[in-house]
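2 protein chains.
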Amino acid sequence: MVVIGGDAAGMSAAAQARRLSSADELDIVAFERGAFTSYSACGIPYWVAGDVGDREQLIARDPDEHRRRGIDVRTHTEITRIDTDGRRVLARARDGREEWHGYDDLVIATGAVPLRPPLPGIDAEGVHGVQNLTDGAALIDALDRLGAPAPAPGDGDSCPVGDARAPGDTRTADDARTAGRRGGGPLRAVVVGAGYIGIEMAEAMIRRGFTVTVVDQAAEPMTTLDPDMGALVREAMNGMGIETVMGDPVTEIETGDDGAVRAVRTENGRHPADLVVLGLGTRPQTELAEAAGLPLGPSGGLLTDRAMRVRGHRHVWAGGDCVEVEHRLTGDTRHIPLGTHANKHGQVIGANIAGDYATFPGVVGTAVSKVCDLEIARTGLLEREATAAGLQFVTVTVEATSRAGYYPGAEPMRVKLLAERITGRLLGAQIVGREVAAKRVDTVAVALTAGMTAADLTMLDLGYAPPFSPVWDPVQVAARKAAAAVRAEG
Amino acid sequence: MVVIGGDAAGMSAAAQARRLSSADELDIVAFERGAFTSYSACGIPYWVAGDVGDREQLIARDPDEHRRRGIDVRTHTEITRIDTDGRRVLARARDGREEWHGYDDLVIATGAVPLRPPLPGIDAEGVHGVQNLTDGAALIDALDRLGAPAPAPGDGDSCPVGDARAPGDTRTADDARTAGRRGGGPLRAVVVGAGYIGIEMAEAMIRRGFTVTVVDQAAEPMTTLDPDMGALVREAMNGMGIETVMGDPVTEIETGDDGAVRAVRTENGRHPADLVVLGLGTRPQTELAEAAGLPLGPSGGLLTDRAMRVRGHRHVWAGGDCVEVEHRLTGDTRHIPLGTHANKHGQVIGANIAGDYATFPGVVGTAVSKVCDLEIARTGLLEREATAAGLQFVTVTVEATSRAGYYPGAEPMRVKLLAERITGRLLGAQIVGREVAAKRVDTVAVALTAGMTAADLTMLDLGYAPPFSPVWDPVQVAARKAAAAVRAEG
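First to last, the sequence lines map onto chains A and B.
Numbering-wise (my numbering), the first sequence opens with residue 1 and increments by one.
Numbering-wise (my numbering), the second sequence opens with residue 491 and increments by one.
I should point out that these hints are in silico values taken from the structure, not numbers from a laboratory.
Given the structure is predicted, the values throughout are model-derived calculations rather than measurements.
Virtual Cβ for every residue (Gly too), placed ideally from N, Cα, C.
One should not assume that every hint holds.
[Unchecked claim] Ranges of calculated distance between the beta carbons of each label pair, as one might list FRET restraints:
1) 412(A) to 624(B): 23 to 33 Å
2) 19(A) to 899(B): 29 to 39 Å
3) 941(B) to 355(A): 22 to 32 Å
4) 913(B) to 355(A): 22 to 32 Å
5) 411(A) to 565(B): 25 to 35 Å
6) 392(A) to 639(B): 55 to 65 Å
7) 219(A) to 565(B): 49 to 59 Å
8) 913(B) to 392(A): 30 to 40 Å
9) 19(A) to 802(B): 54 to 64 Å
10) 912(B) to 355(A): 18 to 28 Å
[Unchecked claim] Not close to chain B: a few residues of chain A, all C-beta gaps over 12 Å, as computed:
11) 22
12) 72
13) 256
Produce the entire structure from the sequences given, and follow the hints as far as they go.
Laid out in C-alpha cells, this is it:
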C-alpha cells in the first residue's frame, strides 16, 4: 500500500489499514513532500489567533508516531509521476534523487491548493496564505515582527467589541508600520475573501489587535449561505468592528519601495494594509492524477466510487480534499474540502484495502463556522443550488431563541429552511446566531439525509429543557412554518 | 370545543383551533381549576433558583391574552364529570355552583399529579412539591422566610463548588434553623427523589445557599439512565458538594413540636432538614376520564390514536401529561410527561378539531437535563428497556471532547450507545458531560427515528469546525465503536 500525501485522508487510510492487517500481510509506505503528517489545517486560524498555544497541538500524529505503529513515512519526498499500468510511483527525495516504488494499492491524498489569483503584488512580502503549518508559522512570525501580541488563551469566543481604530485616526499605513505596536497605533490587516477561511482569519486578526477589513467580490460574505443570511453575517461583522468591502473585486496588492505590502486596491477603493491574508478557497490538487489519466470531475477533483476507489481503476483509491464528493440530495459531485470528510474517506479506503468493507455514502453539504461569538451553519442546498438541481421549493425564515425565552443566556438565532414544493421534503437549512446555534444544523442534516419532510421534522422528539431549548426547538419552529408554506403553496 | 385544563396541551389545542377557524365556525371554552394558563412547569426549578426573576416570565399567555384571541377561558372552574353519551361536562365554579356544558369536541388535558407517598410527616410545614406555580411561589416564600438569598441572575450554569457546610460543623438542624442566615450557618435541604426534578431542585437549593442532600431508593440518580451513566451523575453531584444517599428508601419526614420539618428519615439514616423538596415524579391525572369510562394504559394514562383522539371515542381528544405516548422503537405506550410533547399534542388536536389534519407519530424517549454545569441526555431505549422489548443489542461507551482537543474550552463527555445485534440498528444513546453535550443527543434521536444503523451514523455529514466539534463528532466516535462491536458480536 502506497500513500501519496501525509495528512488527514492519507494517514487515516494508512492507520486504518494498519489496524486491520498485520505487517506480514501489508506493507504501508506514505510519501509526504512536506515535513508534517496528520495535522489540523482547520485549526490554523485559531493558532494564529493565539487560542492554540503551539503548532504541536495541531499535529494529531507526527511521522515518528506513525512509524512506531508500522507505517513507513517518508517526509520531504514528493511523488512526481504515477504509472498505473506499471503500478508504480516515481518518488523524488529531498536530495533530488528519484526512485520508482511499486504498489498493490495506491492511495491518492494530495489535498487542495489555495487559490492565488495572478494579481500584481500577490507574492509581495506581507501577503500570507494559511493553507498549511508552514504558512501559519510564517504568518505568526510576521505578526510577532509587527509586534501584534497574542491574547490570553482560553477565551476563543470573545473578541474586542467595536472598531479598534480610534475615531479621527488619519495616519497612513506607513505611519502605522513605523509606529507598530510601540507607538500604540493600530495595525491594519486586509483579508481577501469572505468565505470560511476569510471570516476565521478576520477573527484571528481582530484578536491580534488589528483593524481588519475583509474584501470580496461577492455581494455578501459567506457565499456558502444565501445572500439574505450572508447579510446577517456582514452586519454582525460590522458590529464587531470588522470593515466589510463587498461586491468589489481586488485588482492589485500595492507594495512600497521595500517590496512589502502597503494596501489592497479594489475596483472601487484602496485599503491600507500592514498585512494581507488570502482566504480565497482552494482547488483540488490533481495535476499528478490528471497526468496519469485518472478521471476528474467538473471542479477538477478525482472521481471515485462509493468505496473511494478511483473510477475505472481497481488499484487506485483517493480521498480528502483532492476528490469530489457525491451530494446525497442531487446525485452530482462537488469539491467540498473538509477535514471531517477526509477522515471518513481515509477510514473507508483503509478498511477496503485491508480486505474489510466500507463505503462513503456522500455528503449533504453541512458546514459550521464562527466569527467571534457569531455562529454560522448550513446543510443541504442553498436556493441557487436547489434551483440548479431542478428542484422547486418553499423557503421560510424564523427568529427563535437558543433556550427557553425566560432562561438566562437565551440568544436569538435566525433559521432558514428550504422544503420541496408539494412533497415537503427537507432540502436545506441555514442558521446564523449565537450560543449553540450552529450545531443545531446537525438535526436537519440527519433529517434530510433520511428523506424526512418539514412536517416530520416538526414532530421529531428532540431534547427539551429550559436551559437547552424552547419547547419547540428553533429548527422545529422553522419546520412548522415550512410545512404550512408547502401546503399553502400547493 | 371544550377544553379541560388550561396548560400546555389544552391551550395549544385551543390556540391552534382558533387560528384555523373563525369565531362563527367554532366556539372555544377552556376550563382551568387554577388561576393560571399556559405556564412552563419545567421552568419552576429555575425560578426557585433565582435564574428566572418572576413568575410572570414563566407564563407564556395568561387568561386575558387567550380571551383577547377569542378563547373563553374560565379559571377557578373545575370539571367534575364527563358525560360522553350526552356530550357534556359538569363544571363547578369557585362559588360551588355546578353547570353542564355541551360540546361537539372535548379535549382532556388534565395533566399529571406529583407522586406523594403516604409517609408520616409528608404534609408537614416545610415539605414542598414543585408541580405548579402555586407550589413554586410557596417554596420561594419559604426560602425568603428562611433567609436564603437568590443569587444574581444570569449565571444559570455556575454553582458554588464544594460542600457549603464547613468541615467540623456539627450543629443540628435546629441550630441551623435558629441561626438561619443571620448566624451564617448553612441551611439544609433534603430533596426526595433523584430524577429530573430532584436534580434540578438540588441545583436550585445549592444556588440558594443550602447544603443539599438528595435521597432516593434507587442505586444511582437518574433512573432514566443506565446505572453506569447514573453513577457519573452521582460523582459529579458529589463534586458539586451535593450529598447523595442512594439505595435508601425514605421512611418518615420527622417534624418538631411546632409541626415543621426537622429531618428526613430513611431506612439507614437520618438527614437533618430545614426544608424538604419532593421530586418523585408524577402520574397521569385521569380520575375524571376513568370515571367516564375512557380507556387507560398500563401507567394510568389515556390511550389515544395518532390523531390524539381517545381510542374509541370520536369526539373526545386528549394530550399532554394525562396521556400515554407511543414509543416509536417498541410500539408500546408509556407515560412521558414533557412540555414538548404536550405542545405537539395540542397542535395536533387543534388542527384536527378545526377540520385540518395532523398526527403525532410517537416519541423515542429523548430527554435532556442538567445539574449545574453537568449536562445529561438520553434518547431511545436503556439497556433494561431494550431487553424488556425483546431486543438483543451491543453497548459501547466512549469518552470524547465537545470541541477539537486543541481548542480552548474542549470538555470531555461520555457517550453510551446501544445498537441492535446483527442489524446494527441504533436503539439508544446516553450522554453525560459538560458544555454542549446534551443537545448532541438530538442527532441520535433523529437517526434512530429514521431507522439508521450505527454504521449509518458514522458516515453522517455533521457540522465540523474546531470550536464546535472534533473531526469525528462524539456521537460518531461512539457509532464507529458500536458498528465494530455489532460485527464482532455477529
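We went through each hint and held it up to the structure:
Checking the proposed 23 to 33 Å range against residue 412(A) and residue 624(B) shows it holds: the Cβ atoms sit about 32 Å from each other. Distance hint for residue 19(A) and residue 899(B): a CB-CB separation of about 31 Å, consistent with the stated range 29 to 39 Å. About 29 Å separates the C-beta atoms of residue 941(B) and residue 355(A), a value consistent with the hinted range of 22 to 32 Å. In this structure the hint that residue 913(B) and residue 355(A) lie 22 to 32 Å apart at CB holds, the actual value being about 23 Å.
Distance hint check for residue 411(A) and residue 565(B): the Cβ-Cβ separation is about 34 Å, which falls inside the suggested range of 25 to 35 Å. Look at residue 392(A) against residue 639(B): about 59 Å separates their beta carbons, and that is inside 55 to 65 Å. Checking the proposed 49 to 59 Å range against residue 219(A) and residue 565(B) shows it holds: the Cβ atoms sit about 54 Å from each other. Between residue 913(B) and residue 392(A) the Cβ separation comes to about 36 Å, which falls inside the hinted range of 30 to 40 Å.
Between residue 19(A) and residue 802(B) the C-beta distance comes to about 58 Å, which sits within the given range of 54 to 64 Å. In this structure, residue 912(B) and residue 355(A) meet the distance hint of 18 to 28 Å, their C-beta atoms being roughly 22 Å apart. Against chain B, the non-interface label of residue 22(A) holds: every CB pair exceeds 12 Å, the least being about 18 Å. Once the 12 Å rule is applied to beta carbons, residue 72(A) is consistent with being away from chain B; the minimum gap is 24 Å.
With a minimum CB-CB distance of about 35 Å to chain B, residue 256(A) clears the 12 Å threshold, and the non-interface call stands.
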